[in-house]
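Just so you know, the sequences run in chain order U and P.
Heads up, the first sequence is in numbering that gives the first Met the number 0, so the first residue is 0 and it goes up one at a time.
Heads up, the second sequence is in numbering that gives the first Met the number 0, so the first residue is 0 and it goes up one at a time.
Note that these hints are calculated values from the structure, not bench results.
The structure displayed is predicted, hence computed values, not measured ones.
Some hints here could point you the wrong way.
For chains that are exact copies, the list does not tell them apart, and a pair is met inside one copy or across any two.
Unchecked claim - Calculated cross-link-like contacts (lysine-lysine; reagent style DSS-like; alpha-carbon spacing at most 30 Å): (1) Lys452 with Lys65; (2) Lys494 with Lys680; (3) Lys13 with Lys409; (4) Lys682 with Lys494; (5) Lys682 with Lys496.
Chain by chain, the residues run as shown.
Protein chains: 2
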Amino acid sequence: MAKKKKYVYFFGGKKAEGKAEMKELLGGKGANLAEMVNIGLPVPAGFTITTEVCTYYFDNKKKYPKELKADVLSALKKVEEKMGAKFGDAKNPLLVSVRSGARASMPGMMDTILNLGLNDKTVQGLIDKTNNPRFAYDSYRRFVQMYGDVVLDLKPADKHSEDPFEVILERKKNQHGFKLDTELSAEHLKELVDEFKAEIKEKTGKTFPENPMDQLWGAIGAVFGSWMNDRAIVYRKLNNIPADWGTAVNVQSMVFGNMGEDSGTGVAFTRDPATGENIFYGEYLFNAQGEDVVAGIRTPHPISELQKDDPIIYKELSNIRAILEKHYKEMMDIEFTIQQGKLWMLQCRVGKRTGFAAIKMAVDMVKQKLITKEDAISRIEPNQLNQLLRPIFDMDEKRKAVDESRLLAKGLNAGPGAASGKIALNASDAEEMAAKGDKVILVRIETSPEDIKGMNASEGILTARGGMTSHAALVARQMGKVCVAGCGSLKIDYKNKTIAVENSNTVLNEGDYISLDGTTGEVIEGKLETKPSEVIQVLISKTMEPEDSAIYDTYASLMKWADNVRRLNVRTNADQPDQSANAIAFGAEGIGLCRTEHMFFGGDRITSVRKMIVSDSLEERKAALEELLPLQRSDFEGIFEVMNGRPVTIRTLDPPLHEFLPHDDKEIAELAEELHISERKLKEKIESLHEFNPMLGFRGCRLGVAYPEITEMQARAIIEAAINVAEKGIKVKPEIMIPLVSTINEFKLQEDIVRSVAKEVMKEKGKKINYLVGTMIELPRAAVTADEIAQRAEFFSFGTNDLTQTTFGLSRDDAGKFLPVYVEREILPADPFEAIDQNGVGQLVDIGTKKGRSTRPDLKVGICGEHGGEPSSVEFCHRTGLNYVSCSPFRIPIARLAAARAVVREMSSKKPVRKSKPKSKKKKTSRRK
Amino acid sequence: MAKKKKYVYFFGGKKAEGKAEMKELLGGKGANLAEMVNIGLPVPAGFTITTEVCTYYFDNKKKYPKELKADVLSALKKVEEKMGAKFGDAKNPLLVSVRSGARASMPGMMDTILNLGLNDKTVQGLIDKTNNPRFAYDSYRRFVQMYGDVVLDLKPADKHSEDPFEVILERKKNQHGFKLDTELSAEHLKELVDEFKAEIKEKTGKTFPENPMDQLWGAIGAVFGSWMNDRAIVYRKLNNIPADWGTAVNVQSMVFGNMGEDSGTGVAFTRDPATGENIFYGEYLFNAQGEDVVAGIRTPHPISELQKDDPIIYKELSNIRAILEKHYKEMMDIEFTIQQGKLWMLQCRVGKRTGFAAIKMAVDMVKQKLITKEDAISRIEPNQLNQLLRPIFDMDEKRKAVDESRLLAKGLNAGPGAASGKIALNASDAEEMAAKGDKVILVRIETSPEDIKGMNASEGILTARGGMTSHAALVARQMGKVCVAGCGSLKIDYKNKTIAVENSNTVLNEGDYISLDGTTGEVIEGKLETKPSEVIQVLISKTMEPEDSAIYDTYASLMKWADNVRRLNVRTNADQPDQSANAIAFGAEGIGLCRTEHMFFGGDRITSVRKMIVSDSLEERKAALEELLPLQRSDFEGIFEVMNGRPVTIRTLDPPLHEFLPHDDKEIAELAEELHISERKLKEKIESLHEFNPMLGFRGCRLGVAYPEITEMQARAIIEAAINVAEKGIKVKPEIMIPLVSTINEFKLQEDIVRSVAKEVMKEKGKKINYLVGTMIELPRAAVTADEIAQRAEFFSFGTNDLTQTTFGLSRDDAGKFLPVYVEREILPADPFEAIDQNGVGQLVDIGTKKGRSTRPDLKVGICGEHGGEPSSVEFCHRTGLNYVSCSPFRIPIARLAAARAVVREMSSKKPVRKSKPKSKKKKTSRRK
């Protein structure tokens, strides 16, 4: 037979049977109560019934293990000894609380019972001890009410009915013409106890148990039972908490902070949870119970005032604060009660915090040598860095706006940050308004490459359609613009230049002020002030010196540690010199994706592009390309100079040609005139370029295969630019990337063009430079034939946006109709355009990488989809053995930190202490069950 | 040192050093000449210089192996002995031909020299032997001309210049006022010999060699050299013939069919190459050379007349015919010459034939016990069966139409067969015209599901856009309609109801006659008569009894043998009872894909479908579905009855909903009225369903996930129908298939609906039936996570149309812009929508099958894309271990034969004779280099 199981763990005095590491068995609350006892903090004695009892209880038709009764009695005895009181004693009664406590925090989901042990006899003991009959009877009536509800199941008949106890309470007040509960006397409360008991009997047929032991077992059963209540089940489902974890039950002596002016209660954090500052932060109230602090009826005092009000207790608490931080090496959230001058600790747990605070505290703790740099790295969620980077609204101002019902709608938080400006409904208006000095928010049903200049001129972009990787979202993030996308409840009327809000009378006009919180997706009517973060002021706008900003110092320290740890390189997606410069400021080690087509929209070059597209002959097309050559070349020169020796991956033309042509009659007429062709001919051309599924159409290298002269021009522009810049003594590392390859033959054709142009240019210029020719792997076919493609391609870059679209058969522009529902209903664990779908798309990345390296062992492999800046995807890339990720400039710090976290996680999973197996290849791509 | 290589193979008399199996070394011609000698046929003696010499020649700067000279001399000596003549002898000269002969036939690509050995002395010997100076000098001047061109390289200056020898010849005729070459006398021809020689000397500086040995080596070098001429290189590229195969050179004694009335020449086939009939088929001319038969200057006589003209030679030839067929077990194509009463065989090779003849001959030869059934199966290309199935044009009538320049255009041969009818430019006109009794050809820019009824009413479908698996092509093949798709040179003007032809003045109007040859893709102006094939008359139209048709008998024999051999099952894609009945007549073993949405267009049900789509509430939607339920149920009942116990796989609703809604203003107005809703609301609904990439949008199981009530209705219709039919004592095997699954969770949701509805219906009806629930694997993600999906799915059916689109990132509707170029330029070996892309898409099919079976070893796996009827794809499915293929009814015989051929090929690749390794798993999916 197995060793007898221990079901009950005592804590109290100087020694507990449990400890912090036993969270799985004792729950978070129980484990931390035990731990506090062990490190010498004053904790009211009690005991924890383990989560195994919970599991046993549900596996055995709500029966307990035989041994439990004796174990509980024995633990209760120890509690009586430590607290000097007796359970059920009429003179000196021990009162207890019975609380749930699961492995993971499930706030408010399960039941709690306080003041247990009170009955008609023991209430007298409490009166005697406190000299406060009103307090005693109020405690008693609350206990009966709580017990009646939780244990004896007297609840409102349905969700529209009132609480039966509240009905009686109201009646009592009405009888006496009282408005407040506090007007009730001890006698009234005593009457209520009896009336409550009678109501329970009448409605449920059950008798309120006078015997404290019966009360205790009833409460234990009810708390275990609450593990399976509807709320708890739903909460677990939402938070992926398995039902078989179970909850523990904590039975702990009651202490009271409302026993007079030498009593009190408070909550505190060992550091400021909002700013992260290393100050003792919290609130307290004298002569009050915990509820009073939380409920906000009386205004509590800041903890600093306690130093004046009660210097001894304050010193004791400060001491405890220091002990806790030293012991837990974390910012802790504590609850305490002072009962007649004695301090008791009721709870401690790791405190919640803002991203900002998380970063500051982690960095400070490293500097205090409390934790290692690796600990700091693993404590900060990469996305929390956003709070250091993005412009922000003043919180008070925003709250005011919401209070004034100016919150119009909520969309996808596609580009974090805060922006406020005047509404423009098309790109050219946005440009004009910005030129006049207005701050502009560009509002579109959706955006297209034609809108780029207008987007660049705007503070923020708001769209009614499109997801997290829609054109608007993608470009906004790359530009560092605020963006709220896919805000479907806005009805945008281009003709009347209005925005109507669904289910509301609000109609905004062009030129009205609107504000976007891209971090939350909120759209707010009117103007709100914003300001850039200090980190941005130092790195980008250079309006602040590094040494003047403590926040920047924190950021820089963390980034330095992350860079020392990570192995994955981080590049950026950028196609302008200024973007590239920003990216370097954020730590980019190269450009992973320079989209040449974005350059096609700058200045007047769009006209040359359009000329090329409508050309009927090779000669015409070449003439138009000839006009583009010097423009592209100078773009590349600018980028090469800024990147100063870092690798620059340039993708040849990718989007379908119709994206470059206008689609409304007026613009078509204008263009026809500009190009000296008939409107009819232009319309025919546009019509002939129409595609049913442009995603799967004539784009990517298919363009270069059909029109080799385009690839020729682009290769020439790149190599000429590289030589020109190299001649200034600046190193250049161009990497030319062929998009949308599905077979080695396409790649060969394009590679041959690039190499022959490069040879020609180098001969003309009499100077050699090194360059690579590689490809995007963004189609499933490319992934499964990567061994062939690697025969020629010198590098791979996974285009996981398109790879996700094709692997799922899912257009990101159309997915808005059903993808949110899929994520909500957990058909998919997350939006696969946000976090890489490791199980499906990830398998293809893994296959492509392995097959590619089977042909070319030193193949450089990166990723340049939007996933390159998403933490879980970055970690996946690290595990899969990629060389780099590439993301928009503003996500670089996030990627750097995520890459470092991947290493730290890997290290900790390899530590012998943990029993988890080293990650096998299979595991890497294995499914989420 | 290695054994001395044999470079020269003698043939002649009764024994040759080579044989038929030595094609790689001796080329096809040389090997067959040797073989004919070995089986005792009279062949003018000669020798073959091996292909290895060719390779050596090009590897060694056009030098020969040292030994070659002696070997050639020694072989030549044997030829002299056998032929009783001497090379270069003035009295009794041996003349030879020098011809190329590669492993694969490359007709006309390389050079040939005849009459070699003639010079000013030996010409006299020829005169003496023939008593015909004019013949001798004509032979001589032809030799000099040929030699000057081929060996001494005197060619026209450029492609616009005249042949220098022809210039001299013309001058000579003009001098004498002659019009025809035949008017020139022996003396004139003798003069020409000298003038030709002088021209060669003047233009090339080279002297015509009088020495026959010099002539011989010059000719050998020229023939080897011609292996690398431009024409040959291009031909090899087009036909995938490797350059390192090389050509052999055949040096053979000349014989002459023009030595008088006891001489002659002819070509023949051992059976009729057009009909396959077992008769001796060919032509001959007395006193003529081979060129004369081919050139058509004199009309040759049918070989049957030879029996009268020269019974001895005829008997000898008939005997040779029998020997050849018995020996080669094939229909052979022969060339012969009679020189002064003696028959000589000059060539034999396997004869080319029509598909029709190929089938008849193979079946006849099995019946004659010449070959095995497996041989017959492997000899017939499955697509050749089309010639037995499709209606056809009368060839003479068609040729006449082409001669009259009525061939308008050529498109994709998307639906084989012949059709002629009046042009209709939309589906409803087509229906109206057909109702009036007209034969109709529906001509559309492209078709959509709305056109189904019009397509069904038409004889054939012609589209300007779309590929081999466009909607038009797919539906046409399933209906057995003739279809020419993607005929881009037609400009279809719906408004004016005209069809203009690019680069032509032809404009056709609605109602004009047009004819389609769907087997070739030709579009012909005017009316051409068609007739159904005998096989169709027996199987489908039942206008002929099986025993009355020899052609049907041939077909049925072949199919029976194929069925006995094959292991892969063959099902059909059908969604109507009559289609299903046809499919069974063609041998279908079940339905692999019943597209329920096709049923949505029949009769008035489209109104109910539209009602459902525009519904605002669940209640409205359910009410509309309620109307559809009995209609779908009766459809399924009809199919289950016809299929009579065979499995029927029914796919739940797949296409995006906007496909069911009208798109032009008039139809929208009509529909709005019909549905009693405002036009504005209907337009909004249509607008809201618009998708950028419908292929990747809201379709497949995504519909059923969003609107479970649709799946509920369909499941109910299927199960109710199954029970109703089962109650009549007919077996039913429904297999319900969920489309476009990308994750197990989607499948689970849909499966749960189907199972709970099925349970409910069976309870209601008090009867149980067996059914399966499975899924399509048509997305890369489904393939790579097939192990998960197979936890629940009871069968897989690969939807290789969509899988090809997503794996390649290629919309079949848009691919027309570049895919033809890809195939033409060999970027892709074939249109991946026609023949499955084994290397890319095939890998995913393989991965999906293996992963699926890793979870569920007995998983039934099929394929229901259009590839299911394409021979190379069927073979791939066999190798990959699929259980069945499913294709349109008219392709079933093709799939049956292809499946049998896969087995035969597998068997022969396992025979120990061949040294090829057994196909490893890797090989199955390995690349094509």
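Taking the hints in turn, this is what the structure says about them:
In this homomeric assembly, Lys452 and Lys65 never come within 30 Å of each other (Cα to Cα): the closest approach is 75 Å inside a single copy and 75 Å across copies. Taking the shortest Cα distances, Lys494 and Lys680 sit within 30 Å of each other both inside one copy (27 Å) and across copies (18 Å). Taking the shortest alpha-carbon separations for Lys13 and Lys409, neither the intra-copy value of 53 Å nor the inter-copy value of 95 Å comes in at or below 30 Å. Proximity of Lys682 to Lys494 under the C-alpha cut-off of 30 Å is found in both arrangements, the shortest distances being 23 Å within a copy and 17 Å between copies.
For the identical chains of this complex, Lys682 and Lys496 are neighbours both inside a copy (27 Å) and across copies (21 Å), given an alpha-carbon limit of 30 Å.
Checked against the numbered hints given earlier, this structure breaks hints 1 and 3; the rest are met.
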